[in-house]
Amino acid sequence: MGALTLEALRKLREDKRQALSQRDAGKGCIEVIIGMGTCGIAAGAKETFAAMVDEISRLHLDNVVVKQTGCMGLCASEPSVEVAVPGMPGVVYGKVDAAIGRQIVNSHIVKGELVGEYLFDKPAADIMK
Amino acid sequence: MHASLCDQLADLVQNALEAGATRVTLRVEEAPARLDVVVGDNGCGMSEAVQARALDPFYSDGRKHRHRRMGLGLAFLKQMVEATGGGLNLQSVEGKGTDVCFWLDPRHVDMPPMGDWAATLTGMMAFPGDYELVVERRRGDAAYSIRRSELIEALGEIETATSLAMARDYVASQEEALMMRKGQGHGSTDT
Chain D
255 MGALTLEALR
265 KLREDKRQAL
275 SQRDAGKGCI
285 EVIIGMGTCG
295 IAAGAKETFA
305 AMVDEISRLH
315 LDNVVVKQTG
325 CMGLCASEPS
335 VEVAVPGMPG
345 VVYGKVDAAI
355 GRQIVNSHIV
365 KGELVGEYLF
375 DKPAADIMK
Chain U
58 MHASLCDQLA
68 DLVQNALEAG
78 ATRVTLRVEE
88 APARLDVVVG
98 DNGCGMSEAV
108 QARALDPFYS
118 DGRKHRHRRM
128 GLGLAFLKQM
138 VEATGGGLNL
148 QSVEGKGTDV
158 CFWLDPRHVD
168 MPPMGDWAAT
178 LTGMMAFPGD
188 YELVVERRRG
198 DAAYSIRRSE
208 LIEALGEIET
218 ATSLAMARDY
228 VASQEEALMM
238 RKGQGHGSTD
248 T
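Sequence order for the protein chains is D and U. Residue 255 is where the first sequence starts when you use the numbering used here, and the numbers rise one by one after that. Residue 58 is where the second sequence starts when you use the numbering used here, and the numbers rise one by one after that.
Careful, some of the hints might be misleading.
To be verified - Just some of the chain U residues that point at chain D, by a computed CB distance under 7 Å:
#, residue
1, Thr-82
2, Leu-129
3, Gly-130
4, Ala-176
5, Ala-183
6, Phe-184
7, Pro-185
8, Ser-206
9, Ile-209
10, Ile-215
11, Glu-216
12, Ala-218
13, Leu-221
14, Tyr-227
15, Gln-231
Read the hints as simulated data drawn from the structure, not as lab findings. Glycine included, every Cβ here is placed at the ideal spot set by N, Cα and C.
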C-alpha cells in the first residue's frame, strides 16, 4: 500500500466525524496533558502518550484533547499526566507508564473514577508559565 | 543519553517550542555511513554567554525553572554524538533563533535505535499553540515532507486523540513508503 495522501486523510476524518457527531454532541471537552520535557522523555512519556492516544481513539472518544507540555517540575514522578474532566477535580498522575495510561483512560475518563494509587498533585509551584 | 534517536529529537523540538519558536524545521537525512540532523527554529536564540554553557548538564537558563540546576537535553545530545563518533554544531543568534546540527555514524556499535518515527513526529505536532513544524525525512533518493499546518487543514484540528491517531497513521504510512522505496540499498532501519 502506498503512502496516504492528505486528501485521503481529509476524507477519513470527515467519515469519522460524521460517525461520532451523534454520540458526543453536548459533552464537555476533556483535557489530558502529558509532560514531555527531558525528564518525561527519558522516563518513557512518549510511550505513555502513544498508548493514551491509542486507547482514547480505540474507545471512539472524540471529545478528549491530548496535549504535550514541557517539564512540570515533577521530574522524580515522570511520566506525569494531568487530567481535567468537567465536573471532576483536575489532577496530576505520576509514574504513568503505557499500561497505567490506558487504565486512567478507562477509569478516570470513561467511568469517572480516579486511579488513586497513581495520583500525585498539581504542577510544581516554581514553574513559570 | 536518550534511549533512542527519536527521543532526542523530541527533546530538541520541545526545546525549540519552549524558546518561543513559531516555526521549527526538522531535517533528517540517512545515508549508509552518516545520519545528518538539523533542528532549526526562530525562537529567542541564545547569547554567546548562554551558548557557551548550553551543553553543560548542570546549566539551565532559569527562565522556566527558577531553582533548577540541571539542563540535560543538549548534554544528552553531546553524549550521543561523542559515543557514536559523530559531530555537533550549535549555531544561535539571540533574538533570531537556533540551529542544532549534528551527525551520527549509523554503523557505530553504540548507535542508539531509531525509535518510533510515527509516534514521535505525531507527538511533536501535539504541543499547544499556533506553530508550524516542518519535517523533512530523506533516505537515499527517497524522501517525504510533513507540515503541521497541512495536517491541521486535512483533519480540522490536531488536538483530539482521534485526530492524533489519524495523524499517526498518516505519518506511519509515509515512513513505510520511505523504507520500501529503492534508494541507495539501505538495510532495514531498526525501530
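Results of checking the hints against the structure:
Given the 7 Å rule on beta carbons, the hint for U/Thr-82 is violated: about 19 Å separates it from the nearest Cβ of chain D. Using the Cβ-Cβ criterion of 7 Å, the hint placing U/Leu-129 at the interface with chain D is satisfied: the shortest such distance is roughly 5 Å. Taking 7 Å as the C-beta cut-off, the interface hint given for U/Gly-130 holds, the closest approach to chain D being about 4 Å. Evaluation of the U/Ala-176 hint against chain D yields a held restraint, the C-beta minimum of about 4 Å falling below 7 Å.
The interface hint given for U/Ala-183 is met, as the beta carbon of that residue sits about 5 Å from the closest beta carbon of chain D, less than 7 Å. At about 5 Å, the closest approach between the beta carbon of U/Phe-184 and any beta carbon in chain D falls short of 7 Å, and the interface hint on this residue holds. Proximity of U/Pro-185 to chain D holds as hinted, the smallest CB-CB distance being about 5 Å (cut-off 7 Å). The beta carbon of U/Ser-206 is not positioned within 7 Å of any beta carbon in chain D (closest approach about 11 Å), and the interface hint is therefore violated.
Taking 7 Å as the C-beta contact cut-off toward chain D, the hint placing U/Ile-209 at the interface is violated, the least distance being around 11 Å. Because the beta carbon of U/Ile-215 sits about 10 Å from the nearest beta carbon in chain D, more than 7 Å, this interface hint is broken. Taking 7 Å as the C-beta contact cut-off toward chain D, the hint placing U/Glu-216 at the interface holds, the least distance being around 4 Å. For U/Ala-218, the shortest C-beta to C-beta distance to chain D is roughly 4 Å, which falls under 7 Å, so the interface hint holds.
Contact between U/Leu-221 and chain D, as hinted, is supported at the beta carbon level, the nearest pair being about 5 Å apart and thus within 7 Å. The criterion of a C-beta within 7 Å of any C-beta in chain D is met by U/Tyr-227, whose closest approach is roughly 5 Å, and the hint holds. Interface hint status for U/Gln-231: upheld, as the beta-carbon distance to the closest one in chain D is roughly 5 Å, under 7 Å.
Figure legend: structure checked against the earlier numbered hints; hints not met, in rising order: 1, 8, 9, 10.
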